[in-house]
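Student: Each chain is listed here by its residues.
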Amino acid sequence: MSTAPPTSRRTATVMLVGNPNVGKSTVFNHLTRARQRVVNAPGTTVTLAQGTWTTPTLTATLIDLPGTYSLIARSPDELVAADAVTGGDYDLAVVVLDATALSRSLYLLGQVAAAHPGPLIAAVTMMDLARSRGIAPDLDALAQALGIPTIALNGRSGAGADSLAQAVTTTLAHPTRVTGIDPARHRADPAHPLECAENLFDWVHGVLEAAQPPVAARRTLTDHLDRILLTPWAGIPVFLAVVWGVFQLTTSVATSLMDAVTGFMAGPVADALTKVLTWLHAPQWLTSLSVDGALSGVGTVLSFVPLMAIMFAAVAVLEGSGYLARVAVVADRAMRALGLDGRAMLPLIVGFGCNVPALAATAVLPHARQRLLTGLLVPLTTCTARLAIYLMLAHTFIPDHAGTVVFAMYVAAIVLVIVWGLIARHTVMRDITPEPLVIALPDYQLPHLRTVGLGVWTRVASFVTKAGTVIMMAVVALWAVQAIPVHGGHRLGDVPIEDSVYGVVSESVAPALEPMGLNNWRVSAALISGVAAKEVVIGALAQSYALDGSDDATLSDHLRATITDTSNSHPTAAALALMVFSLSYLPCLATMAEQRRLFGWRWTALAGGAQLTGSYLLAIAVFQVGVAL
Amino acid sequence: MLLTALAPGSTTRITGVRAGADASLRLREMGMRAGTTLRLDMVAAGGARIVAVGGARLAIDHSTAALIDVAMP
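Just so you know, the sequences run in chain order Z and W. To convert, take the position in the first sequence, counting from 1, and add 8; that gives the working numbering. To convert, take the position in the second sequence, counting from 1, and add 29; that gives the working numbering.
Certain hints may be false.
What follows is a list of derived Cβ distance ranges for each label pair [said to hold, decoys possible]:
# : chain 1 : residue 1 : chain 2 : residue 2 : range
1 : Z       : P221      : W       : A50       : 14 to 22 Å
2 : Z       : T65       : W       : M101      : 49 to 57 Å
3 : W       : S39       : Z       : L202      : 26 to 34 Å
Hint data in this document are derived by calculation from the structure and do not stem from the laboratory. Even for Gly, the Cβ is constructed at its ideal location relative to N, Cα and C.
I would like the entire structure built from these sequences, with the hints used as guidance.
Tutor: Encoded structure:
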């Protein structure tokens, strides 16, 4: 039996560069399969996919850069792509060309060639769509005109991947330059952008003359579908139906899955862990820490997994199908006043179900600043967990107009989104200005299941490891403040609320609620619990009255008595103030953890502080006006 | 004649773009430069123009489309 001699394998860093919607990520997913992760570009909130591509002769670190039309960047995402290309910290760039939009693809290739003297390969995607339109380029002629290896690549089937691997190895050993590109003449120069663009388009024109037939494109199914989906009479209802579908998926469908996970963790798993710890004679506090702290934290994180997976899948399907670009057109006017792309409508509407997947849905926006602004506005959309607070307070204090009051809270949430959006745009985000809508409409395609699956897997993994860690730590910290006794001589982990750190903190915070007529530790304790999850506010109130939470009428009686007392007999005004405060005082832990994952601590803290201050002042105003009336 | 004055289905040629430097550059990068032939496919919701340039299709909002001069070839 002979042993094959070890072959020398090369390692290299390979960049994937291309226009948006060119099929770059499909190519990336095919080449790296599950060996990939999402990373932040250094110092930015722009994410990149990075993976390992193994070929018979090469182990490459493959980096999927954000799609861009140009190296003269207009957004943080484009800047990351431009900096990566011009920085030259890689061995080879694969420029992905869209056969149905060869002109603008070649423009970017020309810019890359002028900026980077290293090896380049052109990978042409969408050849099947180009053939259906009758505009497929002659690849031999294209390769001849470009002077670099030019491969037809189908990211879905993988056809062409072997040729690409071979071309990468050959090109790394024997690099060739793009014919006709002169860095001095064609390099993207922000000082003379139009002149550079014209020079480069002259080169593009020459390549196209050699490689693409000068015929008018045939109409395809996409054109016919757009004749329906982009019109006002059908486009807007279809858009609303799609958003409604996503909303339903992230509420009705996800809720049952979340409940199943939560029930499993809090039931059989918690019981089993308790039995094991009892068998080991663990002290009571350790059992409480393990079950009510750590396991509860794990359960919280896991309960979000199906919800996030559904949201990530919905975004991937909308993107992969080509429909997302149509959303930008149909909803353009509605979001333009906030300087946002029409696609921002999707996360903002999903936020009315749950803020956490809504933050994930900001991925539909192509520009990092727009994702950030939308992500900061999402917590103002009042999720269904807050609805329970409104319903309880409205039925208790304003029973004759409960429906109107709850409806008014939704209107208030929309007004807050608009007002905070305008404030942000005129303060910390002055750089966001409404841009002209000039957007490529990709052909409709059936979403590629493997690409969707890999995208969901990678993003859920990122959520669990990054946001999940924060959620877990926060839940354990919350357990600790509830379990540590301050007075009363109780044991750790077995403390009535009022004798715990939590109770003492609630007592000390309560006077701050005096101007809104709510100076009571039970109210402040419930609001603090609401930072963990808005669902637990009503339960925390019931718990503070030593109720089991199942008897709303009794809780209503207690609460009415408390708030009548704290508000000097203006309970309606105080209840309205509490509702307004609950609407936006702070996002829940999971939302803040996801904000931190996407935008970093600084923005999360800034947004939280602004929300807390704004809602505090607003609640005081509501109470004081209510009293005056 | 402006792109916004064109009837859907017409094929025309771009003669100039009056937008500011940034918008002009982006339009050029998307293939909308003087001399290019385009076909106006439809007027979409909100007044955006859907045009075919080469094999690509673009959506251009109404106010930007109103800055693009075209002439029948």
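Student: Now tell me if each hint is right for this structure.
Tutor: Tested hints:
1. Z/P221 / W/A50: 14 to 22 Å: 34 Å, violated
2. Z/T65 / W/M101: 49 to 57 Å: Check passed, 56 Å falls within 49 to 57 Å.
3. W/S39 / Z/L202: 26 to 34 Å: 27 Å, holds
In summary, the structure is inconsistent with hint 1 from the numbered list given earlier, while agreeing with all the others.
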